[in-house]
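Chemist: Listed here are the chains, written in short residue letters.
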Amino acid sequence: MSPVRCSGASRRSWRGAIRWIAQHITQRICGVCPVEHRMASVLAQEMAYQLTPPPNGVLARNLIQAANFIMSHISHFYLLSGLDFVDVAMIADYKGSDPALSALQGWVKGQLASHAVIPAAPFLPRYAAKYLQDADANFAALRHYLDALEMRALAHRIGAIFAGKLPHAATLVPGGITEKVTALKISEYRSGLETLRRFIDNAYLPDVAAVAKAFPEYFKIGKGCGNFMAYGVFPISAGSDAKLLPSGVLLDGKLQPLNEGAITEDVARSRYSSASGRRPAEGETVADANKSGAYSWLKAPRYNGQVMEVGALARVLVAYQDGQNVAIKNAVDALLKSLGREPGDLNSVMGRHAARALECKFIADQCAQWLEAMTPDGVAFKDFSVPESGRGYGLTEAARGALGHWIDISGAKIRNYQCVVPTTWNCSPRDDRGVPGAMEQSLVGLAVADAENPIEAARVIRSFDPCLACAVH
Amino acid sequence: MNSISRRSFLELSAKLCALMGLGAGAIPRMAEAAEELASGNAPVLWLQGQSCSGCSISLLDADAIGPAQLLTRYINLTFHQTLSATTGHQAVETVNKVIGGGGYILVVEGAVPAGMPEACTFGGERFGDQLLRAGRAAKAVVAVGSCASFGGIPGAENNPTGAISSAQYLKNQGVSTPAILIPGCPCHPDWLLGTLTHVLKLGIPPLDELGRPKAFFSRLMHDQCPRFADYEREKFARTFGEEGCLFKLGCLGAITRTDCAMRHWNGGVNSCIRAGAPCTGCGSEQFAAKASLPFITKKRAAQNQA
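Chains as they are written, first to last, in my numbering: chain A, 1 to 473; chain V, 474 to 779.
Some clues are possibly wrong.
Claimed, not checked - Output of the computed footprint for chain A on chain V, the stretches with three or more beta carbons under 8 Å from beta carbons of chain A:
(1) 531 to 542
(2) 548 to 554
(3) 585 to 594
(4) 703 to 716
(5) 746 to 759
Claimed, not checked - Chain V is nowhere near these chain A residues, computed Cβ spacing over 10 Å in every case:
(6) Glu46
(7) Ala140
(8) Ala183
(9) Ala275
(10) Val435
These are computed hints drawn from the structure, not numbers from a lab. Built from N, CA and C at the ideal position, the CB exists for glycine as well.
Given these sequences and hints, build the entire structure.
Modeler: Shown next, in the form of structure tokens:
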């Protein structure tokens, strides 16, 4: 986590707008998960408009959102957290013949011998710490880091086939998508998807396993609050309520159905003067930069007053307990067995990385079936009119966790709009009762070997895949 | 740099010249610029203010120059909040070291909360103050994206943080470092890469009256639109998914100067209008500036019944 606190686009900037803009503005809360914000806005509007998109629209939106998940997960493991585990400096000792690694070696050596102000940036400097020591695993992961840069761009490229452009998609609207579904587009997507699936199977999953084996202590480090929540995402088929990754709440290890009405946001320790404990549909956001006792620009969302962890781990654990998707349950069991771990070990730094990689594979595999189910040249959009009044909420998932938008329309204008986003859950400050959020809890009692090089804290924080642009919005 | 051949720089530079619409005569100088960028002689410092990181993500989606090449050959990226391995106090020290050395190209993404400076801080320092220090010591400032260029969504009318564009903030504070604005939400990677290389070897590229490189922002989207013939024939789409010009659905191509319709996005696979989505004017100086600026129009149910 960079030492940054930011207030991004303001909620107030579009309140009262008379044009049809909610999905355009709200997706720009985040450049990493714009598709998911746009989906949440579209779903909230569809509820308010009582609108059901045609099957092609549902499937195309699944494929766009899936492409963005794959982009995000690959980026997170290699680009955002990989350098906390993989040893870039070891490239100096590389003696193999891989052209990409040889080029990297030449570049790093040249940089270190140069007068560059920050040599070998952005890979160096870094904390002094124990990194991956197995040379073969380390060089493989480094090679895959370079490949991952291409793969994440490829994921966006196939997403843009239906999204128009990424990041900040153009086509997802209430009622479906504006883009046409053609046989050529389906083939183009499938071609890129196959390359991504090979990378996930042959690079991403093995690299996560190698890191997990090299850092077994991180199955015991970074334990969160122990409660998990998923809103569910990806309708398995058009017209089906069943989701590839189901919704649910895990309290004390017991699975409960999700109740939207149980979500509230506290602001006792947040820099807002507006009322605390409101449900999002009645939420207010009035900034107070110098509020006494406040230490965060995030609100503190709670579920029945309880702290929740959201994200890939939450989704996988909910799906595991739910048990309806046998493939997910079997894959989790197989992974735990191969690593010699118990289900309880998943509540950890390494458990979060492993869940993300497993989920990435489920989603990529499922895309092939959604492509099959599409009807080339069939309609992908159902028209609608904006009603004089209406309320709705859209619950979906971003790569980093449960995401909800709430809309209240009056006089065909947006009267109120609130978003409760993944990192607001995970990174929330203390609530009105003084209970800290999931990330804060996971840091309490963390042993740091060298205060000048607190790599342990970086590894714990980054395992949540935090996004502060989202969290403040 | 010993393992990267001169030939590979020439190849990449030819691509860049094509991006910028420059003649073949510029290729050798662009190759030198690329080498200089990669060797660390011309460091790039990337700072983020009130931003969504979308322009950073977009840069990584670059196609003409792949992202791996980009990081190790094209840009000596001294610091970037998302990509740098460094973190915590070490990250703060890294940024300060780069600023202390001066002579870098400052790329700034995002707006400045001028009316609520505490709303955006880096290592305890207000972003506006950090930007001032970094802007004064830079060789050139490149404002990437609509927030940094014109204010974008954080700088929308009545915004609660008093946000203004980073470019405007530096100007207001009397910083005289040359500035180039590359709007877009997000900024297209070609626009940024073409501009950076040009700055380095050929100097500041020709700019329009708002400070945007003419190579990318001189022509109206509407004039290059793949649906222009439909407009001429007055064939207008009435709803999404229909053939025809998207003007009546709220398309802002007629007030937006970008080359998206020719260049396309994500390696050329698509773009908004090609995908049936009206242009939202995300590269326009008017994007999100006024609460009344339409993005996409939609009829009210009550009007339909009337």
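Chemist: Against this structure, judge whether each hint is valid.
Modeler: Structure-based check of each hint:
no. : hint       : result
1   : 531 to 542 : holds (count 8)
2   : 548 to 554 : holds (count 6)
3   : 585 to 594 : holds (count 6)
4   : 703 to 716 : holds (count 3)
5   : 746 to 759 : holds (count 6)
6   : Glu46      : holds (14 Å)
7   : Ala140     : holds (16 Å)
8   : Ala183     : holds (16 Å)
9   : Ala275     : holds (17 Å)
10  : Val435     : holds (25 Å)
When the structure is compared with the earlier hints, no violation turns up for any of them.
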